[in-house]
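A.B. asks: Given chain A, put chains B and C in place with the hints provided.
Now for the letters of each chain:
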Amino acid sequence: MKFVSIASGLMAACLALATQTHAQESFKIGNLSPLSGPAAAFGIGINRGIELAAEDVGTFQVAGKPYKLEVVPYDTSLDPGKTVAALNRAVLNDNVKYGFILGAAVHGAVLPIIRQNGFFDIFMGAAGKEVTNAENPTVFRFMASSDQLYYTFTPEIYKKLNIKRVAFMGPNNDLGRSDVKVLKEIATRLKGQGVEFVGEELVELNAKDFQASLLRLLAKNPDVIDTNASPTGTVGLIAKQARELGYKGYFISSTAVLEAKALVNVAGKGADNIVAYRIWSAAPTKLYDQIAERHQAKYKEATLGTVWEAYAATRWVVEAVQKAGTFDTKKVAEQLANSTFQFHPYGPASWGGDKTYGARRQIQTPLPASIIKDGVWTPLDVRMGTLE
Amino acid sequence: MLADKQRAIFQRCSSMSLTLLLQGLAIGLVNGALYILTALGLTLIYGILHIVNFAHGEVFMLGAMLVYVVYVLWEWPLLAALPAIALTAAVVGWLVERGIFRRLRGQWLQLLVATVGVSLIIQSLSWLVFGAQEKNVPSILPGVLVAWGIRMPYERLAAAGIAMCMVAALYAVVYKTRSGLAMRAIEEDEETARMLGIDTDKVAGLAVALGFALAAMGGVFVAPIYSINPGMGLEAILMSFIIIIIGGLGNITGTLVAGLFIGVVQSMGALLLGAESAHVLVFVVMIAVLIFRPQGLMGKL
Amino acid sequence: MALYHGAMALVLMPAVATTYWMHIAIVVLLNITYTVALFSVLRMGYLSLGHAGFIALGAYTCVVLTVRLDISPWWGILGAGVMSGTVAWGLGAMTMRLRGIYFSLAIFAFGEIVVAFFRAFDWFGGPSGIANVPRPVFFGHALNDHFSFYWLVLCMSLFFMALLYRLQYTRYGATLLTLKTEASERLAQSVGIDAARLKTATFALSCAVVGTMGAVHAQYLMFINPQVFTFLTSTDLLIYAMVGGVSHFWGPVLGAGLLTLLGEQLFSAGYWKTLVYALVLMVVILSLPGGLVSLLDRVRDKWFSNARN
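Residue numbers (this note's numbering), protein chains in the order written: chain A, 2 to 389; chain B, 282 to 582; chain C, 60 to 368.
Chain A on its own, in the form it takes in the complex (with noise of 0.2 Å):
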């Protein structure tokens, strides 16, 4: 009896086993962000952009063989240390050859890893040069540079606002650094136009309290506050602090996620005149509301800011996977780099950056500028070039 139900077991197992050989493989996409911590829902948004994605690529075929999308999650908490961790558990462990990895401030550990294994690096995160540039091939940003930003689309805003005197508050490290020295460019550049870059104040990371600093800058009259990348709940308090202090202003942020309810939450009517070009305040293509329905219906809250970019970036890199026909990433990079994409929520997105970085690296979608008025967002009525 007792080896009768061993041998039907087994029988089973050996089955299974070999039916599994037969089913679909998974292309493994993992995630190396922030899935704990202050930066958490940035992590997160671009768990649920993979599965988005997933459920529209469903089965799909590379070289005549069936693949499904698999997400392999990595928490790093935007720390190096960690980030550089989970790499190496990536590419040595898991067999995971492509990802997302956010963060401008860990890249510096984790790009001599990305050239040496040929990891295809799906880049969130703001900087410029440093990590998108001919050395390393198989990183490309999925999002709007500051460069980007910077150097097509602040100046239109400037001259809409009617802003003259800049002022900046950014965090104290390489990206609030580069930025500024990227602004004083600009400011030069618009001289013409009445416009001065009067002050700029670095301060920590995780600072709450920016009084002293504000009141050093508000001391200069400026028009506009530019926050930088700044998260949210950052924002949100500069704006708040700055109302206290009597500032009238503008405020710039070129952050991806910045509801305009949790800055409202902080700063209450402190909140209005903030100005943000990387937020829609009208969806731009039928696919943005699908996709913020879908997430409504299957994660109960509202879109998480990088879902949309994630859902996009996946479905390309699947698409580009297909037509160069191999999971090679140097010959998938060659094949996205020169592809146009139609299924982009933002709209057709195109790949640009030959000139600035040297290197056909960096996203190009249309991108919108929105002001808060009354506590929502609003449209801007503003145009952004395309960087060279």
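Don't take each hint at face value.
Claimed, not checked - The calculated BS3-like cross-link candidates involving lysine-lysine, where the alpha carbons are at most 30 Å apart (straight line), are:
hint, chain 1, residue 1, chain 2, residue 2
1, A, K130, A, K83
2, C, K332, A, K29
3, A, K98, C, K332
It should be emphasised that the hints constitute simulated quantities derived from the structure, not laboratory data.
C.D. replies: Frame of chain A; chains B and C shown alone:
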């Protein structure tokens, strides 16, 4: 080189109007009061039981989280929410004393590490239960007071006022009540206190409960001024450490003085030298105190 | 006997392990060495809450020497140890007279200041740190992959562990135990032991060890920034030591090894990982005051007594 820098600072000082400097001072004093509010619970527990409560920052965070849950989500009236939170924190503190501190009485190393463990538990549970999204408690007193060219939000003034009241109340409890007397007796000499009939266990429980309640209340009143997230405990305990190192461990007056002092140093430092320099300045003060007066400004070794 | 097997396992592992296991082994060895060094100060009755600061000091010294000043990575490692040890000697001389929590807070303050200092200046990379840290070259072969770097880490940690172990069981080590409390220290001084010198020397040695391994750690990451070694790192080391047990040498080894392995396994678990760590810690502290190593002692005693019967 140094002369140039000094000249630059002098120019900046003199070019700044008096209003600006006074505003900076006002900001410093009020921030200092907020620091006192943050550090008071730690001072009490160390003062009575000589335990450095590493979980202090997390209890502070818990207070802020609870005021969000109870006042914003469940919409309780403020007058019901505040005592409820204080009581909850006190009960948690009492349980921690009973279950953990009492068992490890006398083993200072294990006690210290146990408080680290408690802090990690509270922190990780908070991340898991409350989630990572930043939360906000709306201002109870919106609006800004404008006087003599100086602007100060009512919310902050209120919190500063409450900080002072708490210091006064703590003095009253510790120096003017029987329980306070019992606490001071234990601090002085536990053996003798027990022989004199004082229930040292009960008093220790009371001290920790009170310390936890103070920490939570600190979080409650600081909550509407900044935003709330489960990671704010680390900052709170680091600041509290700095305050008690400079003021003197377990010394209420020390906490008061050090809090205001550091608030002003930070604010004026940031105004005159920039935010990063001000940050370093605080550490320089801390090291100076440790080298030249390790017991703190008001403490005794 | 067990020691011999353990050593053999460590030496033979690269032959059968995957690259990922090499990564784990390197991290485990680093943590064990840090914790054992902390332990040598702990058993004197002094709790250092800023050991991470000395690790960082060593790491940054090496990085600055090799990246900014183009000096060979081997000298970088040596320089790191010398720098950490010297600064620790100076700091120790000033702070060892402080007892208990005052000492701990002073070292905590130092740890914070070190990190803030490196954060403030661009020459040290500022908040973003310095990348492309070179690894040492051994007879013409650069130790650029996990396998070859593992040998370096293994040799250095075994060396330091052996050093600290031997010191513990010499007369010097026994003398250190007499310094554990203020009373016994006074007693020791009355028989002519220069307590202050001894304590400072031990503290300096411990910090030199962690500084050297910090340099190795930075070379492993090929990167350093102010967030790599923080106050949380110091508390982690303390937790490893306590969970392992501070009654004898193998406690910290056990604690660091087990908890690091546990941590790597729970990698994607985010806050569950911290919760598990904390619960393990609380269980051990409350029910096994001697740490996990005392459990092994009990098992061993039982086994022997059974064998006898």
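A.B. asks: Now tell me if each hint is right for this structure.
C.D. replies: Hints versus structure:
Among the hinted pairs, A/K130 with A/K83 is consistent with the structure: their alpha-carbon atoms are about 24 Å apart, no more than 30 Å. With a CA separation close to 24 Å, the supplied pair C/K332 and A/K29 stays within the 30 Å bound. The straight-line distance between the Cα atoms of A/K98 and C/K332 is roughly 26 Å, inside the 30 Å bound, and the hint therefore holds.
The structure meets every hint from the earlier list without exception.
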